[in-house]
Every structure is written in structure tokens, then in C-alpha cells.
Amino acid sequence: MTLYGLLFYILGAVLVAATGLAVTRRVLMHALVYLIIAFLDTALIFYLLGAPLLAFFQVIIYAGAIMVLFVFVVMLMRSAEDEHWSASFRHWLLPAGLGFVTLGAAAAILLLDPQAGVQLRLGLATPRELGDFLFRKYWLAVEVISLLLFAALAGSYSLGKAGRKESKESRS
Amino acid sequence: VIVPFAHVLFLAAVVFLMGALCTLLRRNLVMILLGIEIMLNASGIALVGGSLRWMNLEGQALVLLVMAVAAAEVSVGLSLIVFSRRFTGSLNADAQNRLKG
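Chains as they are written, first to last, in the working numbering: chain L, 1 to 172; chain D, 1001 to 1101.
Treat the hints as calculated values from the structure; they're not laboratory data. Computed from a prediction, not measured in an experiment: that's the story for all the values here. Every residue, glycine too, gets a C-beta built ideally from N, C-alpha and C. Be aware that one or more of the hints could be misleading.
Footprint (simulated), chain L over chain D, 3 or more residues, beta carbon under 8 Å [claimed, not checked]: (1) 1004 to 1015; (2) 1021 to 1035; (3) 1040 to 1050; (4) 1055 to 1067; (5) 1070 to 1078; (6) 1081 to 1089.
Given only the sequences and the hints, what does the whole structure look like? Please build it.
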């Protein structure tokens, strides 16, 4: 196993562990911190797989913007109310069992695939290449995304405004 | 040589499954949204791996677009959560059963 392979397995193990811990935390803030670790870890995996631009964006957008948004919202809602875990262990058993069966099937398919042994070779897509490709072939999608982001901005603004009006009315 | 492609896909599948279980089983609205983020993250790993496997840039471009969609989705989702918490006073998904504005 090469050094890169070893690095991939270490990063993968950390990713799975951090995500698993995040999913099972009862306190929201703890889950968020574990998830930030998971996202930074994903950024390193992207870098390892030859996508430096995506690694930077993963840090900036996911670990930066999105998780900070989550942290702010959790901090704004003062009472860190305890969540009832949905019913009980028995409630979890069936979906989790089905999930593991699916995972086993996925592992079998991936391993039985005649091309399973295909090794990834080191590659690198420079930011220039990716940007060039994106704007040459998917410029329309980029425009649509910008519209979508504007719609999200307008939507969350109007939701915030409507909520403020409602709470003012209910107080008077 | 890094690793077999199948191992990348399997890692993505494990993380995706955890995100799906988080979305389906947790009753806290914030945790449900986090589960969706985890699933998008897992799909990103699979796409970047595929991009390296076939040495073309489609996968990486798709991950970039997915990131932008995730940002939009999170901002609207979180403002919806804050909004609905004003009415129900709870983050529990089971408490959000009043559709009447």
C-alpha cells in the first residue's frame, strides 16, 4: 500500500467516526463540531483525489459558511431542548437493520464487479482547468445557480420579515 | 496509485447511509437538516472519485453545483426552522403538525 493509500484510509476512518459521532449526539452543538471535523476531513479527501479547488470550496462553503450558519441558529435558539429520541431502541432497529443490509449488498456489488480492482491513479485538475470547463460547458447551470441563490436570499428574507410581524402582533 | 475505486465508493456509501439514518430517525429539525448535508457530502466524495477514475471533469463540476445548491437549501431550511419555532416553540419535528398559517 502506498503512502497515499494509507492516508486515504486514515482520512476515511476519521470521516466515518466523526460523522457517526455527529449523528448520535444529543446536544446539538456537539454534533455541529463533529460535523465540522467531518467536512474538513472531506476537504482533505478531495485534495487527495486531485480536486484542490473543490477542497478549498469545501472548507470555505461547507465548513465555513454552512456550518457557521448552523452554529448561529443553534446559539440563537437559547434553550438547547433535549430531544426525545424517537421512541426507543426498537424504533431504530428496523431502519438501521435495513440500512446495514443495503450496505452489505453495496459492498458485495462493489467487490464482485469485475472492474473492482481498478486502481485510482494520482491526478490533478487545476483550478484553471476546472473553471475553464465549467464556464465552457455548464455556463447555463452557473447562471441558474446564481438565480437559485438569489431566490434563497429573497425567500429567507421574507420568511424572517413575516415571522417578525407575526410575533409583534401576538405580543400586542 | 492511491486506492481501488470500489473503496472510495464504499466510503461514500457508508457516510451516505449515516446521513440517511440521521434524517429519518432523529426528530430534531436541525439534525434532519444536518443529515441532508451529510448525504450531499457523501455524494460529493463519490463524484470526485469518479472524476478521478475516468479522468474527466464532469464529476468535479457537478460537485461545485451541488455545493451551491446545498448553500441555498440550508439558508432557506434554517430560516424555515427559525420561523416555525416561533409558532410551535419547539424544534421537534412531531410538533410541526399545524399547517394553518
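Hints and how they fare:
no. : hint         : in the structure
1   : 1004 to 1015 : holds (count 11)
2   : 1021 to 1035 : holds (count 12)
3   : 1040 to 1050 : holds (count 5)
4   : 1055 to 1067 : holds (count 8)
5   : 1070 to 1078 : holds (count 8)
6   : 1081 to 1089 : holds (count 6)
In this structure, none of the earlier numbered hints is contradicted; all agree with it.
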